[in-house]
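Protein sequence lines, in the order shown, are assigned to chains Z and Y.
Every letter in the first sequence is one number past the one before it in the working numbering, and letter 46, counting from 1, is 46.
Going from the second sequence to the working numbering is simple: count from 1 and add 1000.
Simulated from the structure, these hints should not be mistaken for laboratory data.
For glycine and all other residues, C-beta sits at the position ideal for the given N, C-alpha and C.
Careful: at least some of the hints might be erroneous.
Said to hold, decoys possible - Cβ-to-Cβ under 10 Å is the rule here; a few derived chain Z residues that face chain Y:
1) V31
2) G59
3) A81
4) S138
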Amino acid sequence: MSKKLKLKIWRGNVDSGALQEVEVEANEGEVVLDVIHRVQATQMGDLAVRWNCKAGKCGSCSMEINGKPRLACMTQIASFADGEAITVTPLRAFPVIKDLVTDVSFNYKKAMEVESFTPPADLKPGVARMDQVDVERSQEFRKCIECFLCQDTCHVIRDHEENKKSFAGPRFFIRIAELDMHPLDILKNRKKKAQAEHGLGMCNITKCCTEVCPEHIRITDNAIIPMKERVVDEKYDPVRWLGSKIRKREGIV
Amino acid sequence: MREKVAMARHNYDVVVIGAGGAGLRAAVEARSAGLRVAIICKSLFGKAHTVMAEGGVAASMGNVNENDGWKVHFRDTMRGGKFLNHYRMAELHAKESPDRVWELELWGALFDRTKEGKISQRNFGGHEYPRLAHVGDRTGLELIRTMQQKIVAMQQADKKEFGDAESYLKVFAEVTITDVLKENGKVAGVYGYRREDGVELLFEAGAVILATGGVGKTFKITSNSWEGTGDGHALALKAGGNLVDMEFLQFHPTGMVWPPSVRGILVTESVRGEGGVLTNNLGERFMFKYIPDVFKDKYADNEAEADRWYIDQDNNRRPPELLPRDEVARAINSEVKAGRGSPHGGVYLDVSKRLSAEVIKKRLPSMWHQFYELAGVDITKEAMEVGPTCHYVMGGVEVDPDTAAAVGVPGLFAAGEVAGGMHGSNRLGGNSLSDLLVFGRRAGVGASEYVKHNQPVKVSESTIKLASEKIAAPFKRTGGENPYTLHQELQEITHNLVGIIRTKSELADAISKIGDIRKRIENVSVAGDRLFNPGFHLSFDLDNMLLVAESTAKSAIVREESRGGHTRDDFPKMDPKWRTRNNIASFDGKEVVVKQQPLPVMPKGLFELFDASELEKYLSRDELAKGGR
Chain Z
1 MSKKLKLKIW
11 RGNVDSGALQ
21 EVEVEANEGE
31 VVLDVIHRVQ
41 ATQMGDLAVR
51 WNCKAGKCGS
61 CSMEINGKPR
71 LACMTQIASF
81 ADGEAITVTP
91 LRAFPVIKDL
101 VTDVSFNYKK
111 AMEVESFTPP
121 ADLKPGVARM
131 DQVDVERSQE
141 FRKCIECFLC
151 QDTCHVIRDH
161 EENKKSFAGP
171 RFFIRIAELD
181 MHPLDILKNR
191 KKKAQAEHGL
201 GMCNITKCCT
211 EVCPEHIRIT
221 DNAIIPMKER
231 VVDEKYDPVR
241 WLGSKIRKRE
251 GIV
Chain Y
1001 MREKVAMARH
1011 NYDVVVIGAG
1021 GAGLRAAVEA
1031 RSAGLRVAII
1041 CKSLFGKAHT
1051 VMAEGGVAAS
1061 MGNVNENDGW
1071 KVHFRDTMRG
1081 GKFLNHYRMA
1091 ELHAKESPDR
1101 VWELELWGAL
1111 FDRTKEGKIS
1121 QRNFGGHEYP
1131 RLAHVGDRTG
1141 LELIRTMQQK
1151 IVAMQQADKK
1161 EFGDAESYLK
1171 VFAEVTITDV
1181 LKENGKVAGV
1191 YGYRREDGVE
1201 LLFEAGAVIL
1211 ATGGVGKTFK
1221 ITSNSWEGTG
1231 DGHALALKAG
1241 GNLVDMEFLQ
1251 FHPTGMVWPP
1261 SVRGILVTES
1271 VRGEGGVLTN
1281 NLGERFMFKY
1291 IPDVFKDKYA
1301 DNEAEADRWY
1311 IDQDNNRRPP
1321 ELLPRDEVAR
1331 AINSEVKAGR
1341 GSPHGGVYLD
1351 VSKRLSAEVI
1361 KKRLPSMWHQ
1371 FYELAGVDIT
1381 KEAMEVGPTC
1391 HYVMGGVEVD
1401 PDTAAAVGVP
1411 GLFAAGEVAG
1421 GMHGSNRLGG
1431 NSLSDLLVFG
1441 RRAGVGASEY
1451 VKHNQPVKVS
1461 ESTIKLASEK
1471 IAAPFKRTGG
1481 ENPYTLHQEL
1491 QEITHNLVGI
1501 IRTKSELADA
1511 ISKIGDIRKR
1521 IENVSVAGDR
1531 LFNPGFHLSF
1541 DLDNMLLVAE
1551 STAKSAIVRE
1561 ESRGGHTRDD
1571 FPKMDPKWRT
1581 RNNIASFDGK
1591 EVVVKQQPLP
1601 VMPKGLFELF
1611 DASELEKYLS
1621 RDELAKGGR
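Could you build all of it, start to finish, from the sequences and the hints given here?
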């Protein structure tokens, strides 16, 4: 069961570009990435698109589909009305390299700025004991496939290039939260640094990041809001902060 | 035009090609040895195919059943590989994998836990005890992210000490390597280009580690991403290395079969490990019919016992759904051929009757998500349709087990899926993630030692010129063939003639057809310019896939027996004569040549780990009488 589909693809590079309309076959069950591949194999051999796993696990095929940040491999053609044009464009928050491929190096720079996991210096391999319930908090954030859709949609940087310097973005707020809640991490002040160095305060909790997350990570509710709340708490209550760190250490035998 | 054809030169002690588990682990080790290391990614950093590994990493930590230990793991691995494994690799792997898992925890990995707070371990096909450390069903992602973050941590430390995060360890993303360069018989570096702008790159290096993964894209139905094109296999062949036993391909028994766009995508073995059963269109749990003699004492022959095993593993035999993958894939193939398949040519896999919806979503979250989003199937309520998919290549670069040095090419190393020997004729689930950790680290050590004891070799201008001309070639031709079309044709050939069940006449046909495509790819031309051009890129991948397909078909036609991931319709049984031989493929500049080489003989100490009654099933009388070396 196949049908003809109208697909508008943004083609171009850093200098210029425009939407090009193509007609392409779409079969039952196919996703947007399938039809892009068909266009590539039959009409535009040099059409640039990133992809890897084609199963929503690697976060490579991020693009904007009818203006929404999405993974092309997880967007069913059937989810569009018959006759509805499908428009694919590159992620808007990052500079275009070519066609649907953008320069996402911003994210790798920000990753470099987050202080790494820091276990106790004397922790020996194989001896750590952690309860499942304690690892699950960080595990939620470690589901992140680094598709950077949350970064793309976040209006702090989407429409304000100038904010990029001082704002790490939702992906790295969950990274900081993950480390902060990690039962073996002993670094102090992660939340304060999130505020002071990574721009946590610029987030005004519109939850756009949570909405686009293909892994359904509750970025705003489980990472950003708790960190924002505790940043305030800690300013006034150092004892409570100390207590939280001591409890962390008890998890280690 | 933005196109630049300038060439950038880099100089490193070690270049690692591949940024999956094996490559990253190797890079961490080489940097720890004080060397300057370049990591070359085919995609973006952190996207490697390792993220697709779902079930877990096999390591006999004994956290769930304390009877487990390296000897048991070693035995399971040899059995799974039908005794064609390089014994030394299987031994090192079994001994070292627990340390490799524990060490990840020091780098921030968060595995699921037991009630005592230890790393939890789950059951998997062919493993005698619960052995797979896991994070739900996204263990591969956890490994990649942990090592990616470890590399960032090392770069941060370098920045503190030397002022530059990339002074010792640098990641080159979206780079294609087209040549391993040699001078005077030794590896001198690699050559390639950057996709972002088409600029050519020369890496001069004392040692090169291949960690390029698998070959799945050579086949039509595969669980592999576009990266799995056998790049390292081909680079090794062209550099004068050997590929061992390329006939052994693992068809994972459970790939998705519907809708067509997701055909081949992996359905983790954990579904069966957690209690999922396989049935045909008669509702029959058919695996009981397919327990081979060599496994009869370990697998339950009735449903009652198989079901009891999930509760009491000490007093019951395992369900046959957990047989090694080659057995399950063949069984599914037979059921479908006999007309007992599901509507879309697979069989049914159902976990909804054993576990509650809540437990399924917790233990198999990405499976639930994958079926719900891509197939409209709710696996907490209904069965999945599954069938075999090309998943893993057991064959690969012939290496020295201890150092991961490629045989015959000084300065070249290989680890992970691209290396051969470790898994014999069939890999057990979970042994891939442990393989890439154990041998990734060993390759890092091996390359570091090599660099410390060998002077780097300068790459000559004539060598550079040849490598550069090769990259320019596809644009010099016009009106030639479309690389996408040739790729599809190759996939049809391998799928139809070199697939799960093989025969001599079809293999001969495949070899001849692959030869025809080889002639035609010399004529491939591509549209556009060098800037991020997938068609241009595919023209190099195609060349690699052809060499792989030729090695596989030529190795498959000479092995006149059925064993593990190689099934011959015309030779349906295992033949002890073939157990003592490896097929060694090499490249003479024009075509792949396959010869036989004796399999290394196990030392007495390892030989004695097995019951004589088990060895009788695999070994000849002569070998049994000798009792190892």
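Hint check results:
The beta carbon of V31 (chain Z) is positioned within 10 Å of a beta carbon in chain Y (closest approach about 6 Å), and the interface hint is therefore held. Interface hint status for G59 (chain Z): upheld, as the beta-carbon distance to the closest one in chain Y is roughly 7 Å, under 10 Å. With a least beta-carbon distance of about 18 Å to chain Y, the hint placing A81 (chain Z) at the interface is violated under the 10 Å criterion. Of the supplied interface hints, the one on S138 (chain Z) holds, with its beta-carbon coming within about 6 Å of a beta-carbon of chain Y, less than 10 Å.
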